[in-house]
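Engineer: Under UniProt numbering, read the sequence shown as residues 1 to 740, first letter to last.
Just so you know, these hints were derived from the structure itself, not from any lab.
Mixed in with the good hints there might be a few duds.
To be verified - Okay, the calculated beta carbon distance ranges per label pair:
#, residue 1, residue 2, range
1, LEU557, PHE123, 48 to 54 Å
2, THR517, GLU667, 51 to 57 Å
3, LEU703, LYS119, 37 to 43 Å
4, PRO493, GLY469, 55 to 61 Å
5, LEU527, ASP591, 57 to 63 Å
6, ILE305, ALA335, 17 to 23 Å
Built from N, CA and C at the ideal position, the CB exists for glycine as well.
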Amino acid sequence: MAMPQNSTRENGFCFAQPLDFSHPRPHGGEAGRLLGAAREDHGCSTPLSNGMASSGAPSPSGAPSPSGSSAQPLCAPSPAQDPAPLEEGIKYVSAEGEELACGWGAFTPGCLQPCNTSKGVLFFLCAASFLQGMTVNGFINTVITSIERRFDLRSYQSGLIASSYDIAACVCLTFVSYFGGNGHKPRWLGWGVLLMGLGSLLFALPHFTTGPYEARTAAQVGVCGGNQSLPCSQAASSLSGYRFVFMLGQFLHGMGATPLYTLGVTYLDENVKTNYSPVYIAVFYTAAILGPAAGYLVGGMFLNIYTEIGRETDMAPENTLWVGAWWIGFLGAGAASLLISIPILGYPQRLPGSQRYIVMRVSEAHQLKDGSHKKALDPDFGKTVKDLPRSVLLLLKNPTFIFLCLAGATEATLIAGMSTFGPKFLESQFSLSASEAATFFGYLVVPAGGGGTFLGGFLVNKFKLRCSGIIKLCLLCTVSSLLAIFIFFIHCPNMPLAGVTQMYNGSALPGGHLNLTAACNAQCGCLQDTYSPVCGTDGIMYYSPCHAGCKSVSVDLRNGKKVYQECSCVGKALLPGSGQAEAGKCTSSCDKKPLLLCFIFVVILFTFLSSIPALTATLRCVSDRQRSFALGIQWIVVRTLGGIPGPIAFGSMIDKSCLLWQDQCGEQGSCYVYQNSAMSRYTLIAGLVYKVLGTTFFIVACLLYKPPPPESPPGSLDASENGSSVLQEHKPSLPAEEDI
1 MAMPQNSTRE NGFCFAQPLD FSHPRPHGGE AGRLLGAARE DHGCSTPLSN
51 GMASSGAPSP SGAPSPSGSS AQPLCAPSPA QDPAPLEEGI KYVSAEGEEL
101 ACGWGAFTPG CLQPCNTSKG VLFFLCAASF LQGMTVNGFI NTVITSIERR
151 FDLRSYQSGL IASSYDIAAC VCLTFVSYFG GNGHKPRWLG WGVLLMGLGS
201 LLFALPHFTT GPYEARTAAQ VGVCGGNQSL PCSQAASSLS GYRFVFMLGQ
251 FLHGMGATPL YTLGVTYLDE NVKTNYSPVY IAVFYTAAIL GPAAGYLVGG
301 MFLNIYTEIG RETDMAPENT LWVGAWWIGF LGAGAASLLI SIPILGYPQR
351 LPGSQRYIVM RVSEAHQLKD GSHKKALDPD FGKTVKDLPR SVLLLLKNPT
401 FIFLCLAGAT EATLIAGMST FGPKFLESQF SLSASEAATF FGYLVVPAGG
451 GGTFLGGFLV NKFKLRCSGI IKLCLLCTVS SLLAIFIFFI HCPNMPLAGV
501 TQMYNGSALP GGHLNLTAAC NAQCGCLQDT YSPVCGTDGI MYYSPCHAGC
551 KSVSVDLRNG KKVYQECSCV GKALLPGSGQ AEAGKCTSSC DKKPLLLCFI
601 FVVILFTFLS SIPALTATLR CVSDRQRSFA LGIQWIVVRT LGGIPGPIAF
651 GSMIDKSCLL WQDQCGEQGS CYVYQNSAMS RYTLIAGLVY KVLGTTFFIV
701 ACLLYKPPPP ESPPGSLDAS ENGSSVLQEH KPSLPAEEDI
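Work out the full structure, taking the sequences as your base and the hints as a guide.
Structural biologist: Listed below in structure tokens is the structure:
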């Protein structure tokens, strides 16, 4: 069949030759009507849209049209042209009868129609991804330390909470991507965002169902000689059971976000030009990256507010027993998600004018040796459950897709682990409070993660990279981040903590065992059940004012901090017993801090720089009809091998580097102090292993990729999503597909 010559512009295309529907359709009616083309300056008579144009004029060949009238050419030829009918028939699966207006059911007000564009969809999807990122990857990671402290959780338990999101996604991905990919995508997206909002509200629920937070502060415990202990029946806590409520909230987050990053991406991709698709997807994912950054910054601000709003406390945010208002962000994000879901539910299954982009798309799908990839070109493929095994088999036979999935899993492991415990890493290395660490991490993620994500999509569009070039770009980014990760050879030393990192006289602890009792505090009767560190004037931290041997307390009017006097253990006192100590941790003076932060920035930048190119390569190496399902399968692999084990593995790793555990009547609680050198060492080992694996997988994906023949014309190799516009050769026309 001789394909019509076409000239394309940004908003349309025009065929130079008329199209003749010479094959009769099995069913008559409206399904055989023709598509009008835009661009009057090319001789086109009507705007190109999803609607069909019919005509009663006879066809050049005199053959009857399927609807009882003859076909009209797509583009009216100029007088200088001598139109000749095509030798073969061409099939167009119509979108006739499809509702393209923006609204809810019969309610489609005209004021909403200006938003019924790809940019309008992008705005609301960006808002949804921003809220998802801010909640799941921002607020939750920011408040992990506070939740551990408030509900007596260990790091591996908080890792389970973080992983519940990915567990839910794995459970739902196959169902959502397979059936949602052939269904009404905006409805799946809208209900998903609604479910995500309910998960946020549920996550905040434990704050309102538990009693007020009671922390035994230094003032209550008293200084030297005044320490009293609560009976174990009162001190013991059963709050750790609330982790199941948090896990359920995260499960709802995962269910709700599943359509967002599978159907949302393909909905954008099929409604814009192929060249612009990476930019749209990059903007979408940039919003998803800026969400966590905002979550870190805003969450850090909320942590400076005491969790029991309206109640007075003599603790400061620097106190290790302080619990900030971790729950406020979840209430706001939950309410915002409920509101955002409403406009998303109003979008049509296909945007007006999207047909032009589908017809112009050129396939880059990996070519299988046995030619089985052509099965996906059937417009009826993937409509029923019986096609599910065949769809999975086609993807499993695509080596480029498989190795891109494995590479994504290795990257996801590091991203999930470091995003969950990154603030805790900074808190320990630089002796920061939880809110300061969250804010610092936010400052790193905003330019590095957000900028890297957008830059990746921009580079693909700027250099018009094909699938093979995109994979090479991913490989370059992975190698760059692999080199930068060696920075974790460096670490900041722990601030000296008497009885924990060193003896009271400054010597090393034998065998690393705790020894909080010394001659200077032996008469104080200090107990270990309350950790309230103070910083002495000698630059050494002490477990509590009592362990520092302090006998009196006052308040510094300049900064509102408590100052303890007559501390017998503070070594640099001018006179015996005249030492002083201030409440809170000592400030770290680590000179390696700028270098560490700089290279952590580089690691984050190049890790996120490859995210959009890798996603674009995944979309291009599979057939159009399998894109949603392929993203779903990829997310299953990424979450199963990366997102789920990542936080759990990093949490267990961080637990191994703990020096000082909370003791609750003989039961181990959360960790108070970590060994910085061990934490850096474990992070380096994990980073090297996963970055080397990621590099290997990208190399193999690039070597095994087999592009289609270069002479393949637009639209001849791929079917569009949902069969909305299918151009096929040498096949009789079929009835129009019904809207799903």
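Engineer: The structure should be examined with respect to each hint, and the outcome stated for every one.
Structural biologist: Right, here's what the structure says about each hint:
Between LEU557 and PHE123, the C-beta spacing of about 50 Å keeps the proposed range 48 to 54 Å intact. The hinted range of 51 to 57 Å is not satisfied by THR517 and GLU667, whose Cβ atoms lie roughly 22 Å apart. Checked against the given bound of 37 to 43 Å, the beta carbons of LEU703 and LYS119, roughly 39 Å apart, stay inside it. For the hinted restraint 55 to 61 Å between PRO493 and GLY469, the CB-CB distance of approximately 45 Å leaves it violated.
Checking the proposed 57 to 63 Å range against LEU527 and ASP591 shows it is violated: the Cβ atoms sit about 37 Å from each other. For ILE305 paired with ALA335, a C-beta distance near 18 Å keeps the hint of 17 to 23 Å intact.
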